[in-house]
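A.B. asks: Each chain, written out:
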Amino acid sequence: MRRIMVGVKRVVDYNVRIRVKPDNSGVITEGVKMSINPFDEIALEEALRIKEKGLADEVLAVSIGPVDTQQQLRTALAMGADRAILVQTDAAVGPYSVARIFHKLVESEQPFLVLLGKQAIDDDNGQTAPMLAALWDRPQAVSCSKVEIADGKARVTREVDAGLETLEIDLPAVLSVDLRLNEPRYVKLPDIMKAKKKPLDVKSLADIGVAEGAAFTTVRIEPPPTRQKGIMVKDVAELVGALQKRGLV
Amino acid sequence: MSRILIVAEHDGATLNASTLKCVTCAAKIPGASIDVAVLAANGAAVAAQASAIAGVSKVLVIENPANVEPLAAVLAPQIAKAAGGYTHVFGPSTTFGKDVLPRVAALLGVSQVSDVMAVEGPHRFKRPIYAGNALLTIDVPADAKVVATVRVASFESAATGGSASVEKFDAGVALPSHTRFVSRTAATTGRPDLQSASRVVAGGRALGSADNFKIIYSLADKLGAAVGASRAAVDAGYVPNDLQVGQTGKIIAPELYIGIGISGAIQHMTGIKDARTIVAINKDGEAPIFEAADIGMVGDLFTIVPELEKALGG
Chain A
1 MRRIMVGVKR
11 VVDYNVRIRV
21 KPDNSGVITE
31 GVKMSINPFD
41 EIALEEALRI
51 KEKGLADEVL
61 AVSIGPVDTQ
71 QQLRTALAMG
81 ADRAILVQTD
91 AAVGPYSVAR
101 IFHKLVESEQ
111 PFLVLLGKQA
121 IDDDNGQTAP
131 MLAALWDRPQ
141 AVSCSKVEIA
151 DGKARVTREV
161 DAGLETLEID
171 LPAVLSVDLR
181 LNEPRYVKLP
191 DIMKAKKKPL
201 DVKSLADIGV
211 AEGAAFTTVR
221 IEPPPTRQKG
231 IMVKDVAELV
241 GALQKRGLV
Chain B
1001 MSRILIVAEH
1011 DGATLNASTL
1021 KCVTCAAKIP
1031 GASIDVAVLA
1041 ANGAAVAAQA
1051 SAIAGVSKVL
1061 VIENPANVEP
1071 LAAVLAPQIA
1081 KAAGGYTHVF
1091 GPSTTFGKDV
1101 LPRVAALLGV
1111 SQVSDVMAVE
1121 GPHRFKRPIY
1131 AGNALLTIDV
1141 PADAKVVATV
1151 RVASFESAAT
1161 GGSASVEKFD
1171 AGVALPSHTR
1181 FVSRTAATTG
1191 RPDLQSASRV
1201 VAGGRALGSA
1211 DNFKIIYSLA
1221 DKLGAAVGAS
1231 RAAVDAGYVP
1241 NDLQVGQTGK
1251 IIAPELYIGI
1261 GISGAIQHMT
1271 GIKDARTIVA
1281 INKDGEAPIF
1291 EAADIGMVGD
1301 LFTIVPELEK
1311 ALGG
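These protein sequence lines map, in sequence, to chains A and B.
FYI, the numbering for the first sequence is 1 to 249, going by the numbering used here.
FYI, the numbering for the second sequence is 1001 to 1314, going by the numbering used here.
Accuracy of the hints is not assured; some may be wrong.
[As the list claims (entries may be wrong)] Simulated restraints on C-beta separations:
no., chain 1, residue 1, chain 2, residue 2, range
1, A, Met34, B, Ala1054, 43 to 49 Å
2, B, Gly1012, A, Gly152, 29 to 35 Å
3, B, Ser1165, A, Gly31, 55 to 61 Å
4, B, Asp1193, A, Thr226, 28 to 34 Å
5, A, Pro22, B, Gly1161, 44 to 50 Å
Think of the hints as simulated: they come from the structure by calculation, not from any bench.
Just so you know, even glycine gets a beta-carbon here, dropped at the ideal spot from N, CA and C.
So that you can see chain A by itself, here it is in the shape it has in the complex:
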């Protein structure tokens, strides 16, 4: 079975303007729309396209989180994933523990490719892909904007500060995907019905054999400092004047 494993994280929807709790213990997630991390959606779309080209037999979506994470996995199944695994926990799981859980799943599921988002838009950590590749002792390519699979290898183009970098890597490997890799498909209603019948296994951290644990202790979460209200200018002369006043031109 040529299997692709895709990580799917449940996050606050990217259109939501988040608010910090008054006691500085976190951000408000009650009553807030939750979605698949947008980068993970792109990873899933890429996995589906690879399968549709006949280069893979199965797309497995995996997630770690509370019971409600099943909603995002059902969406992944509706998009076209064949089955899903939820490692269910209410605990905060740090990046290293996430990578270890994924590594355990990789050992049991034996994918030839793991596709992950380059970062989650809540914690903005961007650690899982390189960490999993390290634990698995396999190649990594982060921020991929193009992926070609052939002959047990992947040729990937990465977005880097200097421009674009192309690597050739042996499979199996871990790829993290960037925004411009593809545009994820919309889920159609019949697919949502079909997804209800697809297998979604729920495992505990004990089943996986990784002890839970946040990596770090949260001291506080605060809103960023606000900028002072600026001025509006009505024409270019005023604009140049304002720039001159600040010594900028």
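Position chain B relative to chain A; hints supplied.
C.D. replies: Chain B only, in chain A's frame:
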């Protein structure tokens, strides 16, 4: 006492300014000793530049023909080996550091602290989450090695004029051959580097075409500024990806940022909120960028931009 190892970013010949920002960040830890690791095929030139950074005690040169390109799978085991005697390993939160440092952290068996924007103690750091819409302060366990990437826009460059000792370090670890460099296409524009420029002129979707983007380049050249862009402009193909500013692009902190035809999605704003002065030009007076702008002007960019360029004289 904190012993900090900084992984140098370079292109084989020149040390990247991001390394100097990492030194400034590391120096915020009281009493820290700071060393820099240069991994290269031939590291002498870069090591000489690193040894001139004020505050650096020692430069470790880790040479191997396999280090000619910065491949994370190749560099990480060598860095993890060199990290043995250190309490902290820092690298820049650039695409280089984001690739390499988490791999190092996993080899060392710890989570990484991503995008450090402030140091509050040897094990206490502040970092942005939710695209900078919240700031998280965390404590790393006192007995754990700290592996961190440094948000370069939050720190000034360290001064030069130092004279650190330079030592070779033999990592003596087996390196994988499963990852091979093929090519890199670097846009050479002759303009200032976006990441480190003191002035940036950025354009958005409202420019409408790659051809129309010329007025952005022209204004930038008049100001001696780097050119940036919103994700929408990059996605539309007006400019290459390395000009993208924002949560998933570059985080910049210029003295002057001029956003033209950019509405100001939160993902873009997170990339510019450290700019000293934000100027916004947009035809939609309700555009969110005006909430953060120091100077705002509502109007047609195709009229305003050439007029502004003319008004700046020559």
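A.B. asks: Does each hint fit the structure? Answer for all of them.
C.D. replies: Structure-based check of each hint:
1. A/Met34 <-> B/Ala1054: 43 to 49 Å: This hint holds: roughly 48 Å between Cβ atoms.
2. B/Gly1012 <-> A/Gly152: 29 to 35 Å: Roughly 30 Å apart at Cβ, these two residues keep to the hinted range, so it holds.
3. B/Ser1165 <-> A/Gly31: 55 to 61 Å: Holds - the Cβ-Cβ distance for serine 1165 of chain B and glycine 31 of chain A, about 58 Å, lies within 55 to 61 Å.
4. B/Asp1193 <-> A/Thr226: 28 to 34 Å: The hint (28 to 34 Å, Cβ to Cβ) holds, given that aspartate 1193 of chain B and threonine 226 of chain A are roughly 29 Å apart.
5. A/Pro22 <-> B/Gly1161: 44 to 50 Å: 48 Å, holds
Consistency with the previously given hints is maintained throughout, with no hint failing.
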